[in-house]
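Protein chains: 2
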Amino acid sequence: MTVKQTLHAFFYPETVAVIGASASPGKIGHTVMTNMIGAGFRGKLFPVNPKGGTIEGMAVVRDIADLPRGLDLAVLAVPRDHVEPSIQALAGIGVKSVIVITAGFKEVGKDGYRLEQELKALCEAHSIAMLGPNCLGMMNPAHGVNASFAAGQPKAGSIAFFSQSGALCVAILDWALGENIGFSKFISLGNKAVIDEADMLGYLGGDAQTKVILGYIENVEHGEAFLRQARAVCRNKPVIMIKAGTTAAGAKAASSHTGAIAGSDQTYTAAFRQSGVIRVADVASLFNLAQAFSTQPLPRGPNLAVVTNSGGPGILTADIADRSRLTVAELSQRTIERLQEFLPSYAAFYNPVDIVGDADAKRYRRTLDVVADDPVVHSILVLLTPTASVEIEKTAEAVIHTARKCGKPVFACFMGKTRVARARAMLMEAGIPCYAFPEPAVRSIESMYEYYLWKNRPEPVYAEFPCDRELALKVVREHEARREPEIVEFQAQEVLRAYGLPTPKTVLARSSEEAVAAAVEIGYPVVLKIASPNISHKSDVGGVKVNLRDAGEVLTNFREITARAMRMRPDAYIAGCLVQEMAPPGVKEVIIGFKRDEQFGPMLMFGLGGIYVEIMKDISFKLAPLSRQNAFEIVREIKSYMLLKGLRGEKPVNFAALEEIILIMSQMALDLPQVWEAEFNPVLINHERAMVADVRMTLHLKEDRE
Amino acid sequence: MTVKQTLHAFFYPETVAVIGASASPGKIGHTVMTNMIGAGFRGKLFPVNPKGGTIEGMAVVRDIADLPRGLDLAVLAVPRDHVEPSIQALAGIGVKSVIVITAGFKEVGKDGYRLEQELKALCEAHSIAMLGPNCLGMMNPAHGVNASFAAGQPKAGSIAFFSQSGALCVAILDWALGENIGFSKFISLGNKAVIDEADMLGYLGGDAQTKVILGYIENVEHGEAFLRQARAVCRNKPVIMIKAGTTAAGAKAASSHTGAIAGSDQTYTAAFRQSGVIRVADVASLFNLAQAFSTQPLPRGPNLAVVTNSGGPGILTADIADRSRLTVAELSQRTIERLQEFLPSYAAFYNPVDIVGDADAKRYRRTLDVVADDPVVHSILVLLTPTASVEIEKTAEAVIHTARKCGKPVFACFMGKTRVARARAMLMEAGIPCYAFPEPAVRSIESMYEYYLWKNRPEPVYAEFPCDRELALKVVREHEARREPEIVEFQAQEVLRAYGLPTPKTVLARSSEEAVAAAVEIGYPVVLKIASPNISHKSDVGGVKVNLRDAGEVLTNFREITARAMRMRPDAYIAGCLVQEMAPPGVKEVIIGFKRDEQFGPMLMFGLGGIYVEIMKDISFKLAPLSRQNAFEIVREIKSYMLLKGLRGEKPVNFAALEEIILIMSQMALDLPQVWEAEFNPVLINHERAMVADVRMTLHLKEDRE
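Chains as they are written, first to last, in the UniProt record's numbering: chain A, 1 to 706; chain B, 1 to 706.
For the record, the hints were derived by calculation from the structure and aren't laboratory data. Some hints here could point you the wrong way.
[Stated by the list, open to error] Now the in silico label distances, taken between C-beta atoms and shown as ranges:
{"#": "1", "chain 1": "A", "residue 1": "421", "chain 2": "B", "residue 2": "231", "range": "37 to 43 Å"}
{"#": "2", "chain 1": "A", "residue 1": "559", "chain 2": "B", "residue 2": "614", "range": "39 to 45 Å"}
{"#": "3", "chain 1": "A", "residue 1": "559", "chain 2": "B", "residue 2": "523", "range": "33 to 39 Å"}
Even glycine gets a Cβ: it sits at the ideal position worked out from N, Cα and C.
Okay, chain A solo, but in the shape it has when bound:
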């Protein structure tokens, strides 16, 4: 059976057993029963308890073995030590899925962790989809399923929510009941021993009832699976997530909470951005976006039109929009003329359109119809201040009227609280997000526009460069065999050559005479660098001399460099000096590197050399594999990009050559999993060409990893 079929049985069960069902109110085994009944479950429900008797009028099954074969779903609310035997018995009747509500596993320490691993192995051996342990349960209101011990029955809707925190499930459920928001699926993931966020994304991505997916996670279990599922799902529907534990304090709290390793915030930022997941920092934003995405169409461009009956809120909204990716666009001339036909002369006809404090509902409706009709406008925000003459509910009707027919996203902000309460409820009921203040409205529209751009971006193109992977692996394996974690200088140059990376002409000279011969071959001026596998920071031993113009300078400097290195690092093996071609004039230095993340694999970084990376922290990041588009972006996301583009008539650097080196590093990072981190530093680039002038690679030798 495929995972998809199993998850279908899990979400749409026809037969459900509650193991540890109880007749005593307050017990979890009782709440699950009443929740299932209260949700209107139309399939067969079996309370199971060795004590027998009846629960809510149903005869209790004493033995799991008596349950029907091929049971769709079993919900376990039994003491911890009964969980494993129960699942053994359930496996015996061919159960398809289980929810383990019981706590006391990974989250309590080593013993619990071991028990959880046993459950996991058992479920995997029998292809049982297991949710939890240590979770609240799952709901599918449209199918009459509430297999949880949460208080309250949410209505059916088009929003799916999954959460690693049961407490957040509880809070959000209470909040959703208050706001009358419905769910397509509602899942408390618990410890994620079997079913994890990637499985949920995969299933919910194909679930016709789900229009928007919300998630709260503290860590990702399988980075690669998560990225693959997220990439595919975000093409079709929005995924909005909170990743908690992203700061030092948060990560510390998280690791004690679930034993999860939170991972670096940078990596998650890159993972979410590259897969199209919309990331929010707080729960309020999660819900604002859920309502926006589940009710309104996407704006097909950045132009926001604001219609208001008051100046101040209009200005505030324009400010917020101007600081966002949206544009407070000029309306077309035709629109302004049409507005002038009926609006009073003291109205403001450009955007925001201020129809003034005495505006009635009719004026709102005519204005909205004209503005919505303007092809320049991609989204509309209607502001209302409860002035004396405003018709609040009638204006809400006008907004609903326009929203229904215009095909563009329409949002409302009815300012205040008491007098606008009824109108706000009317708007929400009609699927028009309505806020008390302008900011969250603008933020929602901005997120939808960003998602529109992501959804409509061209299909990513991945390049493959010819390379001699075997040659590179040979160098790596030799280092592994010698237990040398650092691949530097001439061995590292081998790897560069294997990938066809452009490097400065370099010759290893074992003596000063060889150095002069090499310099003649390369052409003056040249660079001399100490060559030693043991000295990775060459400058620290005065091991680099640039711009040597003749044989005399080469001779003297060779002797000086090698003598100094031997004196300062008597332990090091000194092979001689590398003689290298000088960088062409007008060259710029950039750094291209990667570091492997435990969860998500190689993370590439790019920045300008020296102070820009070190002091100004002007660095951009992307996870491998990088598409051609990603390589284009990583170069342009730094502030100092302007320096590469060229100042005051200077020619831009050869960006194509630079992006190619980045793409080759991405390929190399995936080809050579033994390399834990690597840095091309500096990469020299001018308007003609780019070359990798120096490189360091660090292996993660087996023992180091454990």
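Once you've looked at the hints, dock chain B against the given chain A.
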């Protein structure tokens, strides 16, 4: 009579007349009457209307002349053309203050502007404090005053609110009624012809009923008065403001709205920060902070303790706090031991303290008491998730209990909506801000901590440097007389000398022989620069040569530079060349400049030369006069400050010398109002000394300004 006495009569009137009072419901002149009566006004209220009759049982006064002499307050709701004659008549009976609700003045164009100027002159001539025109009115609920046509009577409280937008007044009033929030004073400023935000700050700063001042402004009328009042008031009580119209789109909307010039956002940011005003971007934050500041004591340090019954929300809170200026501090060992005495073993004892999902109110209370007792802790945030076993209202009581006795700020976040509604109301009633999600709670505590720091910062110290101001003014006046807007090179050097600013040794050489003599006097190597009052960008004509090492180089280059300048700029007067001492080795280049803001005066800027200012936009700003502390800060607020501090064992630059130059520029900017902008660029600085290597000043000649 002083402004303060007049404003007292305005806010605490014993006699109030409503000019244009009406018996017809729906008319503004009727609403003002019913609002005054509804607010429980205990003084004498006079409806005035030439038609006579009665309104709400009161005899209408037909003629303003029949009102009592020395009337405290008159509220005008009459047609525009009647406003001026009415005020004339009111002046005749010695009215102390007026509110002009009537619109149709500055906001409608030139005619209105002229009329408004007449009102202003009239009021000023008779020392009448005028609010408006084009406003909603004013309220002082504790004194039974509601001199407005707004809907709804707010209760008395400790929050004062003034707003340039009447619409925002309406919205906020409705919101406050819904949230049961009271006001000490509530003022719609309207067009601010007489009473403006600076007057309000001044009055409310001394108003014993007001604990927190909120303001919404689109522009500041008098920058200097505003800064002076704000500085004084913020020492005593928090001032929280929105400045709208800070973006291009917002400013455009604002200028059409009230005819106000919005001013640059940068300047307002500097003005607010330097005077201690807490600036927020949106209305929701304005109110969150108002509640926090008006109910809780200030935290006396950054350490936030979080007590929670659930992990996820605890982690989210730790994340948010870690990204703020607050610290999720480690609790003291004694506290952890005390907690271990009664908390279950599976609780988390460090911060956030997770007392787990089965926590009852008693466990919350004991935990809160212990945590609040820890001297490490400066503020407390209590999180509650409505789990099955939680005692929601009882926990609210426990929070109130701890908050009352501990003397530290206590905030609550009861997550969800329906189940926590009652507890949330209880907390708010008891003066404990309670939020639905953690983010606004952390933001509020952070703002209070920042205000604590501001309030307790040392008194600013202003330095005064000896200078020959007359000499500087002489140079300026000569340029004014010659109508030359640019003061450059040797004239500019005069100004530097007048202020005792360190400059490189410089001699004007009229011939190549003079140049060599000067070079010998200064000492080789030297710099040669073309000297011409007409050439401000010397490099453009190849007019700068550095590092000239002997007489031969000086001779050749003098001839080359002057010949090239004559060829390229035949119009320019060439005085010769400046011979200048070379910058010492290891020198860094910084830029110190100022530009005069129409509202707030000279704004100083500081940054590292070249790319840092131009491309990285790494610049800091402060308004003059800078205190010594400000000079310390402006240097350290840029990212590239690290370069001045010195990398890799390099010595730090002489910061004292640098800060002195900045302070002298601040003094110069205030001394010489004719100078519109000036730039010391570059200022050369190393670990020993700083010197101003080049300078440009631009005058605003009279005609240019008009």
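Hints, one by one, checked against the model:
1. In this structure the hint that residue 421 of chain A and residue 231 of chain B lie 37 to 43 Å apart at CB holds, the actual value being about 41 Å.
2. Checked against the hint of 39 to 45 Å, the C-beta distance between residue 559 of chain A and residue 614 of chain B comes to roughly 44 Å, which is consistent with it.
3. For residue 559 of chain A and residue 523 of chain B, the Cβ-Cβ distance of about 36 Å falls inside the hinted range of 33 to 39 Å, so the restraint holds.
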